[in-house]
Every structure is written in C-alpha cells, then in structure tokens.
Amino acid sequence: MYLADGRDAPAVVPHRGRRWAAVPGTVLALGTVSLITDVSAEMITAVLPLYLVSGLGLSPLGFGVLDGVYNGVGALVRLAGGHLADGGGGRHKAVAVAGYALSALCKPLLLVAHTLPVIGAVLALDRTGKGLRTAPRDALISLAAPPERRGHAFGVHRAMDTAGALCGPVLAFLVLGVAAEGYDAVFTVSACVAALGVLVLMLFVPGRPGGVGVAPKTSRRAGRRAAPSGPLRAPALLRMPGVGRLAACAVLLGLTTVSDSFVYLLLQRRFEVPARWFPLLPLGTAAAFLLLAVPAGAVADRVGRRRLFLLGHLALLVAYGLVLAVPGGPLPAVVAVLVLHGAFYAATDGVLAAAVAGVVPDAMRARGLALVGTGQALARFACSIGFGAAWTAWGDGPALAVATAGLAISTPIALAALRSSACPSAQRTA
Amino acid sequence: MTIPPRLTVLLAAVLLLGSLSAWVVVHAAARAESRGLPRTGEPSAGPGAVTLAAGQGRRMLFRTMAWGPHRDEVVAVPADDPGGPRVSSGVRCLRFHASSGTGACLQAAHGPLGDTYRAVVLDARLRERRAFPLAGIPTRTRVSPSGRMAAWTVFVGGDSYAGTNFSTRTSILDTRTWSLEENLEAYRVLKDGRPYHAADVNLWGVTFADDGHFWVTLATGGRTWLARGDVAARTLTTVRQNVECPSLSPDGTRIAFKKRVAGLPEDAPWRLYVLDLRTMRETPIAERRSVDDQAVWLDASTLGYALPGDFGADIWTAPADGSGAPRRLLPAALAPVVVQ
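Going down the list, the sequences are from chains S and C.
So for the first sequence, the numbering used here puts the first residue at 33; every next one is plus one.
So for the second sequence, the numbering used here puts the first residue at 3; every next one is plus one.
Among the clues, some could well be false.
Taking CB as the label site, the calculated pair distances span [stated by the list, open to error]: (1) S:433 to C:178: 53 to 61 Å; (2) S:430 to C:40: 57 to 65 Å; (3) S:440 to C:285: 50 to 58 Å.
Because the hints were derived from the structure by calculation, they are not lab data.
In this text, a Cβ means the ideal position worked out from N, Cα and C, and glycines have one as well.
Bound conformation, chain S alone:
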C-alpha cells in the first residue's frame, strides 16, 4: 500500500494546482480546531496554579504524583482512539469530535470541582479526550494532504497548534486583568472557546478522509483491501515494511529524550537562570517550535522525513552537549539550548507522523499513528523515570551525561536501521 501511495503522488500534484503554497482546506480546518482548542486548554493551564493557591487556598504539592498514571492511561486511550477511528471504513471525524467534545466538557466541570482529587479527575478526563482525538486527527491530516506534501501539512498544523498554546495564557490573564480573581470567568470563556473548536471541527472538516479531493478513491479502496480485517493487531502492523523499523527507532530515541520539565530544571540549575526567567523557558521552546515547524515540514518533504527526524535528534544532542559543556551558561547559551530544543520538536513531532503516514496504508492510518505515537510516549515516560532515578543516584550532571551518551549511540543506530529499510523508495518519499 505504501508503494501505491508513492505511485499516486504524481497523479495528485497537478490536481492541486500550485504545488508549493497550497495547504489542503481540511488541514487548515484541523489546524484551526487545534489552535482554538489549545487557546482553551492553555487558559486553564496558565491559571490553574494561581486558582489552586489563591482561589481555593490549596497546596498543589503532591499533585504530580498521579501524573504517571494519567500518562499511561492517556497512551492506552490513544491506541483505542486509533483503533476506533479506523473501524467501520473510517470514523476518524466521529472519534475526533468525541475526543474534542470530552475535553470541552471538562472546562465547565472545573467550575464545580473544588477539591484536589476532583480537579485531578477532571484533568484526567481532559487528557482522555486528548488521547482519544490525537490519532484520528493526525490520520485526517495525512489523508487530506498529498503524500509528497505531508511534512509541510503536519508542520502547518503543529505551528497553528503552538500558536494557540501561546495565545491561551494571554487571553486568560486578560480576563483576570478585567475581573480580579475571576477564575470562574476564565473557565467559562475557556469552555466557550473549546465549544467553538468542536463546532469548527464538525462544520469544516469533511467526514470522509480525503473527501476534499486529494487522494484518489482507488487508493483508499486499495488500502482497505490490503488491511487485515478484524480488530487492531499491533504485530501485523509492525510487520509491514518500514513500520516496525520506524516504531523501533521512535522508541529507541524516545528512551533517550529527557522530558521538558527536566530540561528546564537542568537549565535552571546548571546555567543558574534567574528565578524570574523560569516561567519563560517553555515559551522559548514553543516560540522556536512555532517558527520552525512549517519550514522543517517543507524541508522534510524534500530531503526525507526520516532524515530530518534524525537531524532533529542531532539538534537535541547538541542542546544536551551545551548544557553539559558550557559552565555558568551565559544568556546566548540559554537561548541556543531553547532554540535547539524547539528545533528538535519542529523536526520530529509532525515529521514523525508524516513518516508513519508514508508507510501505513490509509485504512490503518490512525492505528499506525497511534501505535508509533504511543510507543514513543511510553518510551519517553520510561526515560523520565530512569532519568529521575539516575539524578537521585548520581546527581543531575552524570544523569544528563548518560542520557547524552544514550542519544549519541541511539542516533547512528536509528540511522542505520532506517537506511537499510527493506523498501528503497521509502527513502525518497518518507
């Protein structure tokens, strides 16, 4: 099926007219949905600590204990979302709507949740919605974009998503600026914004993947025939040419990818970043991600998505190296690390999805994306646990040195694995 996709590509290009600039309407619509939803979500994230401490008079410490559990549940939900979405000849939109709607419903629930366990449960439900919608949404993007332009399409989507995430806190604090201590107003506005996102999804994203006239019908039908009927069979998916190797590489590299919160903690401790800058560090990464996502996606379409995926990890390797090697960490070093960190996301996040889309047939697209995404997420979670343990045993420097060494070893292994891929044409398109 992958090969069929490759052969379809030339037929698709003239169909779209302007080759470079055009982004399929479905991708723009999904990007808009993500932008709106992230505005809503980040409004909550931004005010939550303040709400807990000042609004409710609670100590949020120990709140993170269940984080791991939520992450594990989120990963399983993502698999379920992928499975449901591919079923019945493609229910991507229905599952995505369910996921977005579930998260939207969590916002008004915050108005009535006044204790930490209940708030924790609402946030877990919010994540369940996010887990449910991720795979079908990415599948819709991949099915709407012409195969040779998928990297660009995912880049556009990720950039819009990140733009929303950056706007959310601004909107939340504007509300709080007008209405002091108006947390209920923030939650209500967030709920309205989330509802708007669901509505845009329902109105402007076609129910049939590719229905906007991108992938010719034959390819989808062929894909469905090629896919094993019956429920999700991860082994069957992994045995498909290219899928297993890509999943293995994503997991291998995920095992050496230190989580964001550790990166900022390391920056703060080793670089002696002033305390007042600490809240700005994630903004640095997000800004770099936002600016680089579209160009990185376009470059990935030209030079190969796997190659850029590996280059992204090289950027991360350099970032780790800087944190380890530059003592004291002057401002340019901090900025360089954040830019490299954002570049890592730009070169890997949407690009991996585009690469997976290149080797998984249409009819199993959501499952394939969910499988690789979940593998990567669980690997990163395992890395967080291991990194925390290494920090406890040896201190932050040695822990980062081990992670850096692991990444330095994994990247060439991944390179070799992806190079010797059984399917030579995969190198060109995926």
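Please build the complex by placing chain C on the supplied structure of chain S, with the hints as guidance.
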C-alpha cells in the same frame, strides 16, 4: 457546496458564545469591584500608622481579607482586643511576617500579561528597603527572630499542557549583606545521615531558630521530612518524617507542624501537631479540622492558624499543649504575627 449555511451556523455560534463569555467576564468584573466596597457586619479598617517598632504595646499584624478599600493590606489590632478596629498600613501583601523591626511582604504586581510577584523587605515603618522578583505564587514567608534573615517559598508550575507537576522554590536572604540564596535546593542534603540528591526534592516553609539555623520541610519521593538547615555549612539534615510547615516556638523547644494523618480524606489530610524537640514526642492540638497553614506562635503557649472562611480565610487559635478548644480569633484575616 453548503458553505453559506455552515458560515451562518458558525457566525451564530460565535455571537452566542462570545456574548456568554462577555457577560460572564462583565459579571466577574462587577463582583471584583464590589469587593472594594465595605460591607456591614464585617471588620472595618481605617488608615493609620502601622509600625514594627518596639515599645508600642503588643499588637497583631496581619493581611485583612475583609471587603473594602483596604482589602489585602497589612493591618494592626491590639493583641488584647483583636476584634477592635483595624488600622491599615496601605501596604498590600499576599503573605506577611515580621520580627525585630524587619518585615517580609510577598506581594503581587499587576501587569498586562498577568500578575508577577515580588518579595519586599520592609523597615520598621513598613517602607520598602529592597525588593526581589519571585518565580511563582507566594505561599510562605518568615523573618528570623533578630530581624536579619528572611525566607520565602513560592509555587512554580503549570508550564505544560494540563500540567500537574507543581514544585516549590524556597529562598533565603541575609538583609545585612543582601546576599540571596535564590534556591535552597542548592544546599547539600543529608538524608538519614547520607548525602542525597534527587530531581524531585522540594523545600518549603522555613522557620528560623537564629540567623544561622532554621528548620524546613523537605519533600522527595512523595514523603516529607523535617530538616535542619545550616546557613554557614549550606546543609540540610533530615530529622524526622511526616512533618510539613514547621513553626518553631519562641523558646526554641517545640515545633508546631502539619502532619499527614492516615485515614483522613485525601483533600483534607492534615492535623496540627506540636513536636517537643527534647523528648521528640508529638502532641495533637485540639483543632480537629484539616489545617493547611504554617502555624504561628502568638505567645509561648498559643498557636494561631488559618482556616477557610467566608472571605477567604479566618485566623483561629488553640493552646499548643493539646488542651482547650479552638476559637476564632480574627475573621477575614491571613498571615498573622504578634509584634511588641
């Protein structure tokens, strides 16, 4: 194509959701404004001179939370007449503590893109001596008995999607040299006698013994410890498990603290206890409700602590030896300290 109907639906939804949002924000703004107006039946406050200077009688300073123009300001009442009129200083603090003519005030600065926070060191007339930016939301502050050292803790968190990883940052300041240890986690930790490091170490709730020594909560791996801090040696040594928000008695022999008691609901898990440092025996105080506050010693044998109230919080009091019954001391108040 059915674009026009879809756009109509979208436009209608934007109008509807937009009006709902606007209405809620306007309503919340009006409510915020009404908090600036005094209400009958509440403790009233009027402007006046509030100082930390000695020789003006025993008085209690705290953050008043009663509605009105002086809401959130540090106010003073005579210690023997806590229900009397509140004299307002004009200084707004989220958290406040003072000793020997030095005040520590953690306050919010309202900016266009959200509040920022700062720690302000105040002189005896509550004038600003120096201010330090804070990395998060203020939660605890203490001044050493001599007035030389100050410490504060803030919450930092919420930097990722639905992020639930909160951490604390505790700083210690020497007001003589103005040297600031921005993150107490830089101290060496000795846990159960051995050097210990972990990414999840959190520290909060400093209480000073003297200018060189203090007690603090150390949390790691989901548990808490009482730790003894040494400023000169830059060490933190764990002493005892399950102790949060320690508060050292004026004579330095007892520590009042929050203890997580098994069998209590997850959202209200604490009881106030007093630990005798000579016998290491702990005694529960008479308060049966869950207290999430760093208690203060109002005198050698009496504790004060905050509980949720109609206007955010009230200050309650109970004997430190476990006798008696809890009593509401100050309605609509937070962060009390006795000054003489």
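A quick look at each hint next to the structure:
no.: 1; hint: S:433 to C:178: 53 to 61 Å; in the structure: violated (40 Å)
no.: 2; hint: S:430 to C:40: 57 to 65 Å; in the structure: holds (60 Å)
no.: 3; hint: S:440 to C:285: 50 to 58 Å; in the structure: holds (57 Å)
Violation of the numbered hints given earlier is confined to hint 1; every other hint is satisfied by the structure.
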